[in-house]
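Participant: Sequence:
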Amino acid sequence: MNLNIRFALLVLASLATGCNSSTKEKELELKEKELLLKEKELSLKEKQADRPKITTNDAVRLAEKQFRKYLPKILASHDAALDIQQSYTGDFTGDGIEDVALYFCLVPKDGGNAIVAQGLTLYQNSGFDVKVIAGYEPDTMFQFDKITGGQIHVELLEYAENDGHCCPSIRTPHILTISGSNAF
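Quick note: our numbering has the sequence shown finishing at residue 184, numbered continuously throughout.
Where hints are given, some of them may not hold.
Distance windows between CB atoms, simulated [said to hold, decoys possible]:
#1 Thr140 to Pro52: 35 to 43 Å
#2 Lys40 to Lys65: 22 to 30 Å
#3 Lys69 to Ser169: 32 to 40 Å
#4 Lys69 to Glu27: 43 to 51 Å
#5 Leu71 to Ser169: 26 to 34 Å
#6 Lys109 to Arg171: 25 to 33 Å
It should be emphasised that the hints constitute simulated quantities derived from the structure, not laboratory data.
Every residue gets a Cβ at the ideal spot worked out from N, C-alpha and C, and that includes glycine.
Please take these sequences and the hints and turn them into a complete structure.
Facilitator: And the structure:
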């Protein structure tokens, strides 16, 4: 019996040692993967450091170029024409680099002065390029106000009972929240 207990203890000890080395191997693999990721990040940063940084005006031009490429899809989805397009800059991503908010207003493609849709397309400026991060196309009318303190400020517009079609008089300040690819 004593021999069986010793044998069982020996088996348990060897299993524990085997599990321990397996855990250490997994930890080493994880550390190797982390090091590879850090090397890739450094390599990417070095490549970007060699590239010239873009100015805020360049970022606006790049954002407007991207918008022009996508505009036909927006127009087709609303059966509309572009009335107004205006670009605004300010840091709304919190990285210290001026980003681009592109405002657009759509009208009926067959004419008229109704507003079919309006919205903002938000572009993050990395300092080397711009990319779309979110869109804002509410069901209510709005007016762009400003970008300050890392936030995009708009005014939501509503009509009072006696307002003319041109001039909604109820203005409600609103700060946009960016979540995923949407702003609201």
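Participant: Taking the earlier hints as the rules, which of them does this structure contradict?
Facilitator: none
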